[in-house]
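Got two chains here, separate frames each, mind docking them using the hints?
Residue strings, one per chain:
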Amino acid sequence: MNNDNASTNSEEFDDGAILLDTRGKRPIFFESAHVDALMTALLESMSQLWATRTQVRHLEQLLIGKGIVGVEELAKFTLSSSEKEKDQEAMQAFFADAFRTMVSGSQTIDSRQAEIDEFQNDKTIGKHK
Amino acid sequence: MMPAALEHKLFAKGTSEQSAKQDFVSGLRAFTLNNMAEAMKSRFHDEIEPSSVQKHQVLESGKDVHQAMKGDSLFKYYSSIRYNAQEMVWRSALRPLHQSKTRLSASIAAANDSSDSKLKLDLDLEIPRNVVALDVHLAPGSYHREDEAADWMGGALYDHGLNIFSFGMMGKNLDDIGQSMSQYVKHKFRSFTPSIILDLGCTIGHNTCAWKLAYPDAKVTGIDIAPACLRYGNARAKDQDVDVKFEQMNATDLNLPDNSVDVVFSSMFLHELSAKDIRKVMVEAYRVLRPGGLMLHMELPPNDSLSAYDAFYLDWDGYYNNEPFYKSFRDQDFTQLRLDAGFDRSKLVEFITPQYSYMAPEDYAREIEVDAKFGENTGRLAEGIQWYGFGAWK
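Top to bottom, those sequences are chains H and C.
When the letters of the first sequence are read in order and numbered with the working numbering, they come out as residues 1 to 129.
When the letters of the second sequence are read in order and numbered with the working numbering, they come out as residues 1 to 394.
Only chain C is shown next, with the shape it has when bound in the complex (with noise of 0.2 Å):
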């Protein structure tokens, strides 16, 4: 699979020359993630860890197959490769991005500042250390990007950019988790019809988008801290006439009165948070939630759910792509984080779905029917991934 172009109007073509750029990021993430990955770990089976049980090393966790592999050839090359990829993702999405300006700058405008703008905006918010302290993803300028005369830039760059990344394994729309999350409980708990959806952590709304259409009478909306990303998805999503709201708000502090949604989702979004905030988050979820409704986050799996060497692969992203919590968050008890924050240990969600936007509805139907087991592509970008959620009903 490899990336098609973005289907809105806000989608940068950039030269021939640049699309296939991005096309050879694309195939260098895929090869790198399939085939250098599995010789990767050819290499940790057939050769490290054998020589570590002779020298009676201890290998118990990620951090020690981490050690481990830090001297060999193998792991210099998929590490080298992979870090100068995520720059490439970028570089190659920036410069159509920069060639486009006025056009999308024009573009966003228009849909924003309509009366019938769903874009709320609060710009006295402050934006968290997480985001700001570092560029996340290695993203140049992070998720709060706005450059000159384009104050959506960090949206654009997401999308664009996740799209290159992905290569072409996030739908056609970069909205399979979103599908995949919603198809789930609207097949699987079919007397369940939440009227009010909310979406944490949304940046453009990708995956906000993707609730609406599972759940059509419902009114949704998606929050953020990043103006820049706000300002991008509101357009997106009236550009694909989805109408969803968009507004700046910090998920540890919801402006929304209690007992008052169906649904809190958020997607690939607690990992980027402190173990503190991430309480917070569990906390105001409650909070809000009417009895009755479901919080539900797709998540990287635990990491008492791994190997070592699985817990290791994962890692890889929190020491060398900016994601500073991305190990920290699958080292906690999944479990105690809901009960602490109030719910109900016999009402606990958890789940594993295959992607939908690739499969017959049917399929897909039938195949969530199977309890799915934590796998070494649960939650990894590679051949066979599988999403991974958990929640709970209040």
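Isolated chain H (complex conformation) (with noise of 0.2 Å):
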């Protein structure tokens, strides 16, 4: 168990001292340097998302299974292999749901509104023979 210095299994934070940044300027995939930085934050969020999904699993685990949860058996328990196999799936399907958008058609909003219009204006719908 290499669990050093923790005092609980939450993430303490003293960046302080750490240098975690990487050197230079980040490029621009988007039109807009705010669409990157929110990507970054989107990411960061599902990452803690995961986090906590983790924990939980963990304690819901040890709470059917014992009864009493402290900070030594949250530090011992790992899941099965099994139970991180279907963590896997569930985690891939979780991607799946979030990029979704990504790989879907998209349209601007001008374009969805001619088409809506289109629509509404289209004399042969609703006409009966």
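Hints in this document: simulated from the structure, not taken from any laboratory.
In this text, a Cβ means the ideal position worked out from N, Cα and C, and glycines have one as well.
Take the hints with a grain of salt, since some may be wrong.
Simulated restraints on C-beta separations [claimed, not checked]:
1. C:A110 x H:V35: 41 to 51 Å
2. H:Q61 x C:E383: 25 to 35 Å
3. H:I64 x C:D371: 53 to 63 Å
4. C:E38 x H:S32: 21 to 31 Å
5. C:K276 x H:K84: 40 to 50 Å
6. C:E146 x H:K66: 20 to 30 Å
7. H:S82 x C:D258: 30 to 40 Å
8. H:S82 x C:G375: 28 to 38 Å
Lysine to any residue pairs mimicking SDA-like chemistry, simulated, CA-CA at most 25 Å apart [to be verified]:
9. C:K118 x C:D241
10. C:K120 x C:H8
11. C:K76 x H:L42
12. C:K76 x H:F95
13. C:K13 x H:E60
14. H:K84 x C:K70
15. H:K76 x C:G168
16. H:K25 x C:T102
17. C:K76 x H:A37
18. C:K70 x C:D241
19. C:K70 x H:F29
20. C:K9 x H:K86
21. H:K76 x C:K70
22. C:K76 x C:N321
23. H:K86 x C:N34
24. C:K41 x H:F29
25. H:K76 x C:L6
26. C:K76 x H:D21
27. H:K76 x C:K120
One side only, chain C facing chain H, incomplete, derived with CB under 8 Å [what the hints assert, rightly or not]:
28. K21
29. Y77
30. R91
This is the structure in structure tokens:
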């Protein structure tokens, strides 16, 4: 067990002393750097959500199995390989949900309005022979 | 596949929350490099390419495809996620490492300061510009990073980061490249029994150790210019009870006599160098090899073996992952490089091998009897990856 200096199983931040950032400027992939910044925020949020979900699962399993939860027990607990497999499947599905908009078709709101207008003005719709 | 705990005592496990975040990054990379990459390729072939043809735009090279893809939404999402994930690889590794600093410093010092230590540093050696000028692979501090009271941090970060980065595809000890290359040589050239093996740009020696396992009687040495990697690598090998040496040396200027080595090996090393330095490495390899010795480099496939799209796909790392020579390396004529260094055309070696670590030995032996061709997953971290090796006998 190499869980060094941990007094809890949640992450403890003392980042002041750690060099975490890469040197240099980040590339802007989207039309605006703001969108790139939002992507970072989104992915970090997803990471935190995933970590929290994992911890909840750990706690649930411990509560079901033992009834009492302590720091020591949490530190020793790991999921079985079959449970981990299930987690991996769930994670990939999670990504598919979160990124579905990126792979689907999209259009500008002007194009959308024009399409709806065209639909509304289509005299052939609702006309009965 | 997902990363497991590294099987040595230098592994910094972190809290359960930190481990879950590392799993997340690995899974994110697996999803991006498999599912999103597939979707992006379809987008290119179904929409971008036909549209370019209609406009009489030429898509003959990776550069052409890059230009055509830049405005596509999927390319933007793919790139943004990959870039962020790369940063998250290092960030998620650094916090547990920082928390484990005291224990790791003690373990590494004990291994390196012992009387039987196999570590030899030359701290006056200049660390070249391709390492210090930018954070290679976006790793904060690059290969040579040394933190206060942790002069091994660059090596530890490489080990822990690679474990997250490779989402379980590099073998349990992150040594699948070394295993696959050494076992290929052992299986294919059965009468060849090297006694001196040299691994250039070995970083933490994960692939160096694989050669010792393949040839237990050989003297195996890993060299690198980054003391941080070598300090950590020597302690890592010692903990795993693998008898290899580590020496600080620049592969462009080997401190070794002529005709003194049987195998000169490198893995994913040449593409980190300028064209000028690659030529120097080849010349040095030829010089130190004994007649009958083998030079072997595991590398990215050359551009002339790739479609324009696949070249574009590999170029991503060059432009966005701080690997400035990723493309220029693949643009070179690999045959001419070897001939210019002195190797004979009739003695050139080139092959593609499946991953040794994930196969039964008998299946591996059978599979390498069939000459594999370059495919879209040659040298590319994704399901079905194959490793590419090229070199020459002296």
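Here is how each hint holds up against the structure:
no., hint, in the structure
1, C:A110 x H:V35: 41 to 51 Å, "49 Å, holds"
2, H:Q61 x C:E383: 25 to 35 Å, "30 Å, holds"
3, H:I64 x C:D371: 53 to 63 Å, "54 Å, holds"
4, C:E38 x H:S32: 21 to 31 Å, "28 Å, holds"
5, C:K276 x H:K84: 40 to 50 Å, "47 Å, holds"
6, C:E146 x H:K66: 20 to 30 Å, "44 Å, violated"
7, H:S82 x C:D258: 30 to 40 Å, "57 Å, violated"
8, H:S82 x C:G375: 28 to 38 Å, "32 Å, holds"
9, C:K118 x C:D241, "12 Å, holds"
10, C:K120 x C:H8, "22 Å, holds"
11, C:K76 x H:L42, "15 Å, holds"
12, C:K76 x H:F95, "16 Å, holds"
13, C:K13 x H:E60, "22 Å, holds"
14, H:K84 x C:K70, "37 Å, violated"
15, H:K76 x C:G168, "22 Å, holds"
16, H:K25 x C:T102, "33 Å, violated"
17, C:K76 x H:A37, "13 Å, holds"
18, C:K70 x C:D241, "49 Å, violated"
19, C:K70 x H:F29, "8 Å, holds"
20, C:K9 x H:K86, "28 Å, violated"
21, H:K76 x C:K70, "47 Å, violated"
22, C:K76 x C:N321, "15 Å, holds"
23, H:K86 x C:N34, "19 Å, holds"
24, C:K41 x H:F29, "18 Å, holds"
25, H:K76 x C:L6, "17 Å, holds"
26, C:K76 x H:D21, "22 Å, holds"
27, H:K76 x C:K120, "38 Å, violated"
28, K21, "5 Å, holds"
29, Y77, "4 Å, holds"
30, R91, "5 Å, holds"
Consistency note: the structure conflicts with the earlier hints numbered 6, 7, 14, 16, 18, 20, 21 and 27.
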